[in-house]
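*Asks:* Listed below are the residues making up each chain.
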Amino acid sequence: MARRENPEINAGSMADIAFLLLIFFLVTTTMNVDSGISKKLSEKPPPDYVPPIVKERNIFEVNLNFRNELQVEGERMEIKDLKEAAKAFIDNGGGEGKVENGVATGPCTYCKGEKSSESSDHPNKAIISVLSDRGTEYGVYLKVQNELLRAYTELRNRLSTERYGISFDELEEAYKSDRENEALKRKVEDIKTAYPQIISDAEPTSSGN
Amino acid sequence: MSKFRKKKKGMPAVNTAALPDIVFMLLFFFMVTTTMRETDLKLEAPRLPSATEVKKLEHKSLVTTIYVGKAKDPKYGTGYNRIQLNDKIATADDVPAFIINSRTKVSEAEIPFMTTSIKADRESNVGTITDIRLKLRDVNALKISYSASKGDGN
Numbered sequence: 199m200a201r202r203e204n205p206e207i208n209a210g211s212m213a214d215i216a217f218l219l220l221i222f223f224l225v226t227t228t229m230n231v232d233s234g235i236s237k238k239l240s241e242k243p244p245p246d247y248v249p250p251i252v253k254e255r256n257i258f259e260v261n262l263n264f265r266n267e268l269q270v271e272g273e274r275m276e277i278k279d280l281k282e283a284a285k286a287f288i289d290n291g292g293g294e295g296k297v298e299n300g301v302a303t304g305p306c307t308y309c310k311g312e313k314s315s316e317s318s319d320h321p322n323k324a325i326i327s328v329l330s331d332r333g334t335e336y337g338v339y340l341k342v343q344n345e346l347l348r349a350y351t352e353l354r355n356r357l358s359t360e361r362y363g364i365s366f367d368e369l370e371e372a373y374k375s376d377r378e379n380e381a382l383k384r385k386v387e388d389i390k391t392a393y394p395q396i397i398s399d400a401e402p403t404s405s406g407n
Numbered sequence: 052m053s054k055f056r057k058k059k060k061g062m063p064a065v066n067t068a069a070l071p072d073i074v075f076m077l078l079f080f081f082m083v084t085t086t087m088r089e090t091d092l093k094l095e096a097p098r099l100p101s102a103t104e105v106k107k108l109e110h111k112s113l114v115t116t117i118y119v120g121k122a123k124d125p126k127y128g129t130g131y132n133r134i135q136l137n138d139k140i141a142t143a144d145d146v147p148a149f150i151i152n153s154r155t156k157v158s159e160a161e162i163p164f165m166t167t168s169i170k171a172d173r174e175s176n177v178g179t180i181t182d183i184r185l186k187l188r189d190v191n192a193l194k195i196s197y198s199a200s201k202g203d204g205n
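Residue numbers (my numbering), protein chains in the order written: chain A, 199 to 407; chain B, 52 to 205.
Fair warning: there could be bad hints in the mix.
Straight-line C-alpha distance at most 27 angstroms; calculated DSSO-like pairs for lysine-lysine [said to hold, decoys possible]:
# : chain 1 : residue 1 : chain 2 : residue 2
1 : A       : 237       : B       : 156
2 : B       : 121       : A       : 237
3 : B       : 121       : A       : 281
4 : A       : 238       : B       : 126
5 : A       : 281       : A       : 253
6 : A       : 238       : B       : 194
7 : A       : 285       : B       : 106
8 : A       : 237       : B       : 126
9 : B       : 126       : A       : 242
Covered stretches of chain A (in silico footprint by chain B; criterion: 3 or more residues with CB under 8 angstroms from a CB of chain B, positions within the stretch not fixed) [as the list claims (entries may be wrong)]:
#  : stretch
10 : 210–217
11 : 333–339
12 : 344–353
13 : 387–397
These aren't lab readings, by the way, just hints derived from the structure by calculation.
Quick reminder that beta carbons are idealized off the backbone N, C-alpha and C, glycines included.
With the hints as extra help, turn the sequences into a complete structure.
*Replies:* See below:
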């Protein structure tokens with residue numbers, strides 16, 4: 199008897215098997231890209247380190263107590279107002295900048311602040327000091343950090359738009375995708391030195407609890 | 052009568068031969084993007100704070116993660132200040148050993164680029180974070196990232 203032609207293999211259930219695998223991977227997938235607020239810690243000071251004396255007007259004091267209440271320069275403040283206050287402080291430009299590598303940076307030419315003699319001299323001298331309590335909630339602490347960073351970001355964006363026509367975010371983005379580009383690198387460095395982020399975390403107090 | 056015969060034939064079945072191909076395509080996509088969780092959490096998944104100024108962490112192999120939050124096991128208490136390193140609950144004093152151990156996995160040249168990601172619950176206390184930070188500074192692990200989800204900051 200002549201063999202009958204081979205019947206085709208039924209592939210109908212292949213889809214079911216593939217679906218099963220698909221659902222497995224769907225469930226186990228975690229697609230979240232880790233993101234966060236990056237910070238660079240200061241190095242451990244040597245034991246005989248004497249902190250430099252900084253003029254009172256160049257320090258922007260931010261205090262957070264264990265009840266998550268915010269105090270800025272001795273006055274109560276809401277977190278939503280912090281950004282503007284920080285911007286006003288950084289951008290004040292009331293005096294001479296610090297001496298960098300033997301070259302005095304002179305007064306801040308790009309600042310748009312009030313040039314008050316009560317507030318900071320120059321963005322590169324302006325120090326934001328965050329003092330929090332051990333009992334402060336981390337979420338609030340991070341929100342404060344975020345607001346302070348936002349102040350810097352807005353100032354940097356403004357300066358970058360003035361000087362180069364694009365915002366600092368876009369500039370950094372462009373530099374990230376083209377690390378070899380010297381011109382971009384110079385621009386990024388330029389903006390960064392114009393508004394350096396100087397946020398210091400003081401040793402927390404442990405009142406309350 | 053011919054009309055009736057036609058109706059009996061009915062609609063031809065939809066050709067599903069390409070269905071497996073489509074499903075496989077999806078399958079491969081998910082297989083490639085999947086990252087299996089390496090450590091199982093002894094803590095409740097931290098409710099990350101949200102922030103606007105977040106930066107993406109690049110080079111996953113250079114990131115060490117420290118979790119801070121509430122332990123699942125009630126014997127560790129109900130506070131949000133437990134620290135998890137690798138897959139066990141630890142204290143801030145164990146952080147240096149943990150960092151040094153994680154350094155052995157990368158080449159010498161890459162050590163300065165290593166980042167420590169702190170995934171802390173929003174109800175944790177700053178004190179715990181500070182303890183970790185001081186320990187990190189002791190072992191010169193200076194790049195840290197406070198893990199936060201991108202949001203409007205509220």
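*Asks:* Run the structure past the numbered hints and jot down the numbers of the failing ones, going up.
*Replies:* 3, 4, 8, 9, 13
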